[in-house]
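Kindly produce the complete structure, drawing on both the sequences and the hints.
The listed protein sequences derive, respectively, from chains A and B. Position 273 of the first sequence, counting from 1, maps to 273 under this note's numbering, and the rest follow consecutively. Position 140 of the second sequence, counting from 1, maps to 140 under this note's numbering, and the rest follow consecutively.
A hint or two may mislead.
As the list claims (entries may be wrong) - Derived CB-CB ranges, DEER-like:
hint, chain 1, residue 1, chain 2, residue 2, range
1, A, Glu230, B, His78, 39 to 47 Å
2, A, Trp140, B, Ile36, 28 to 36 Å
3, B, Leu148, A, Glu230, 49 to 57 Å
4, B, Tyr82, A, Glu121, 26 to 34 Å
5, B, Met1, A, Glu271, 46 to 54 Å
6, B, Ala248, A, Asp71, 31 to 39 Å
7, A, Asp71, B, Ala112, 49 to 57 Å
8, B, Ile115, A, Trp140, 20 to 28 Å
9, B, Tyr82, A, Asp341, 46 to 54 Å
10, A, His45, B, Val50, 49 to 57 Å
11, A, Gly156, B, Val50, 53 to 61 Å
12, A, Gly50, B, Val119, 25 to 33 Å
As the list claims (entries may be wrong) - Computed cross-link-like contacts, DSSO-like style, restricted to lysine-lysine with a CA-CA straight-line distance of at most 30 Å:
hint, chain 1, residue 1, chain 2, residue 2
13, A, Lys180, B, Lys111
14, A, Lys135, A, Lys181
15, B, Lys111, A, Lys181
16, A, Lys135, B, Lys111
To be verified - Okay, the calculated bits of chain B under chain A, using three or more residues with CB under 8 Å as the criterion:
hint, stretch
17, 14-25
18, 89-102
Simulated from the structure, these hints should not be mistaken for laboratory data. Here a beta-carbon is modelled for each residue, glycine too, at the ideal position from N, C-alpha and C.
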Amino acid sequence: MTQLDTAADPVAPTITMPAHEPPTAAPGAGGRIHVSRLSKYYSVHEREAGLRAAFGSLVRRKYREVRAVDDISFEVAPGEVVGFLGPNGAGKTTTLKMLSGLLHPTSGEVRVLDREPFARERDYLHRISMVMGNKGQLQWDIPPGDAFLVNKVVYGLSNEEFHSSLAELTELLDLGPLLKKQVRALSLGERMKCELAAALLHRPVVLFLDEPTIGLDVTMQARIRAFIAEYNRRTGATVLLTSHYMADVVALCKRVIVIHQGKLLYDGGLEALAGRIAPYKLLTVKLEDPDLISHTRLEAYGELHHSEEGQATLRVLRAEAPSVTARLLAELPVSDLSVEDPPIEDVIDQVFTGDALGGWTGRE
Amino acid sequence: MFAMFRVFFVNQWASFLAYRVVFFLYTMWAVLPPLIYLSVWTTIAGGDGVAGWTRGQFVAYYLIFMVVNHLTGSIEIHTVGYEIQNGDLSARLLLPVHPGLRSLASNVGYKAIGIFVLVPTVLLLAAIFRPEFDTTAPMVALGVVSTLIAALLQFLVGYSVALLSFWITRADAVMQLNSMFLLLLAGQIAPIALLPDGLRQAANVLPYRYMLSLPVELFTGTLNASAAAAGLGIQCLWLVAAWFLVRAVWRRGVYHYSAVGG
Chain A
1 MTQLDTAADP VAPTITMPAH EPPTAAPGAG GRIHVSRLSK YYSVHEREAG
51 LRAAFGSLVR RKYREVRAVD DISFEVAPGE VVGFLGPNGA GKTTTLKMLS
101 GLLHPTSGEV RVLDREPFAR ERDYLHRISM VMGNKGQLQW DIPPGDAFLV
151 NKVVYGLSNE EFHSSLAELT ELLDLGPLLK KQVRALSLGE RMKCELAAAL
201 LHRPVVLFLD EPTIGLDVTM QARIRAFIAE YNRRTGATVL LTSHYMADVV
251 ALCKRVIVIH QGKLLYDGGL EALAGRIAPY KLLTVKLEDP DLISHTRLEA
301 YGELHHSEEG QATLRVLRAE APSVTARLLA ELPVSDLSVE DPPIEDVIDQ
351 VFTGDALGGW TGRE
Chain B
1 MFAMFRVFFV NQWASFLAYR VVFFLYTMWA VLPPLIYLSV WTTIAGGDGV
51 AGWTRGQFVA YYLIFMVVNH LTGSIEIHTV GYEIQNGDLS ARLLLPVHPG
101 LRSLASNVGY KAIGIFVLVP TVLLLAAIFR PEFDTTAPMV ALGVVSTLIA
151 ALLQFLVGYS VALLSFWITR ADAVMQLNSM FLLLLAGQIA PIALLPDGLR
201 QAANVLPYRY MLSLPVELFT GTLNASAAAA GLGIQCLWLV AAWFLVRAVW
251 RRGVYHYSAV GG
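Structure below.
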């Protein structure tokens, strides 16, 4: 896990969004999550590179406080699918680990299913599951089918529950040919499918997914994504996921929580996020004489996004879009002009690279 | 609980079977060191014996030692310690069962499977070296009980040491220290009866004799009734102590783990 030091950075203000409307929960689902002023600080030992510093650190160690999660609050209603967005080290995994009970908070309150996760009570662990993209329940040397049997006993599933669950998962994830192979012989994507199956055999009410599609090819990502959506639809389980792939988030989550340097920056709908984080429009201009594009100083109107055969796309601040449009029409022989919102992919890409987060709130 | 133990056990068995050669070599670790001491002591004993022990008695002592050594040995520094270091423990902590149960099953599985290598080896060595010993059925029965307690004791101590991986990255160094004491004070280099007075008294108080040597002493019939009873009594006390130790270390360790992340 990587952490970022927030001490050196200006504190980014939190945006409060219009009250989020949770979708109506599937009947019987109780996967409510309550997080209030949650923080997790680590104390990290650090030293300069080199032998001299190595000896120095034997005598006197320098510690630095890292605020992995810094005073965040949110609520998740039963049956919701919420995506955590943020660059590496933003605090997404730390938050998920606190929710699943693997980490105890430095301060603040977490309640999942009306329990304190860190107490790791049996009945709590019976109702949740966490899938970590880089660590799993499967054992390297034995087939996944054997690991499923372990989970059957550990979760106390009856033969009937186990077989109906397994049959459903086998069908949805196409596990048939994989069950008898040694785990070490499975591809990354096949292994992730088996990990998901192992995590879902006991039909958890709350599901935490930490980078479930990491390292998978596009087809497999889509497959896993469709499966998660289907599981949520069928069982009404609450799903919280972190991902590096914007497609995961776009496909699965109506609601996103953006975390950056431990702070919650945004909590709300995916579409509204675009307006907040990318306060610009894309102006695509076509000129009457295509050759003119390369000779015109379009930078005078806005940031040149890209240009091709006789047309160019400019990035212009949302507020300035009308006046820039007027100027373009007045000053150039425009044959066609369109004004669009940036694609959500670009917006999320900006979240992940962290570029947009430092000052984005000020540009509304 | 038993169903869980069984499924972990079967799983572990399957996992070990995937490494037949490695497994054979591991089992040899229980055999080779005692075999070396056996050769040394039978040579010293020669025809006349030493300190009242005949050559055949040394052979019996060390052959039984091999079996008990395998049945009581701790593998937790390799299993649990490794899980903590690479973070796999996280996945275990998410299951609604104490991870220790899986470790215990894996310990028992390892030993059960090793028997298949060990028994033929010991029988072969017995045919070559011709052991002699004089024991009684009650002593053998006590030996079985004592072996079970010793195995549990080593498991708990090994587990506690492995849990040090929560704080330090080289818990295996602490385990080495433990092995050194087992070598010296648990009847490996020499039967405890043959140790110098001071060391022998220390061995009778410290836990190491009860982790390995006591069952061998019982099986070979070298203890009288009162010494056997006293030995088993102290062994039980150490078992209780180890139980409290492992609980305390576990609780603090998991708290620490979840404080720093894993």
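Taking the hints in turn, this is what the structure says about them:
1. A:Glu230 <-> B:His78: 39 to 47 Å: holds, 41 Å
2. A:Trp140 <-> B:Ile36: 28 to 36 Å: holds, 34 Å
3. B:Leu148 <-> A:Glu230: 49 to 57 Å: Holds - the Cβ-Cβ distance for Leu148 of chain B and Glu230 of chain A, about 50 Å, lies within 49 to 57 Å.
4. B:Tyr82 <-> A:Glu121: 26 to 34 Å: Distance hint for Tyr82 of chain B, Glu121 of chain A holds at roughly 28 Å.
5. B:Met1 <-> A:Glu271: 46 to 54 Å: holds, 51 Å
6. B:Ala248 <-> A:Asp71: 31 to 39 Å: The hinted range 31 to 39 Å holds for Ala248 of chain B and Asp71 of chain A, with Cβ atoms some 34 Å apart.
7. A:Asp71 <-> B:Ala112: 49 to 57 Å: At roughly 53 Å between Cβ atoms, Ala112 of chain B and Asp71 of chain A fall inside 49 to 57 Å, so the hint holds.
8. B:Ile115 <-> A:Trp140: 20 to 28 Å: holds, 24 Å
9. B:Tyr82 <-> A:Asp341: 46 to 54 Å: holds, 51 Å
10. A:His45 <-> B:Val50: 49 to 57 Å: holds, 55 Å
11. A:Gly156 <-> B:Val50: 53 to 61 Å: holds, 59 Å
12. A:Gly50 <-> B:Val119: 25 to 33 Å: Roughly 56 Å apart at Cβ, these two residues miss the hinted range, so it is violated.
13. A:Lys180 <-> B:Lys111: holds, 26 Å
14. A:Lys135 <-> A:Lys181: holds, 19 Å
15. B:Lys111 <-> A:Lys181: holds, 26 Å
16. A:Lys135 <-> B:Lys111: holds, 28 Å
17. 14-25: Result for this restraint: holds, n = 4.
18. 89-102: It holds, with 7 qualifying residues against the three required.
Of the numbered hints stated above, the single one contradicted by the structure is hint 12.
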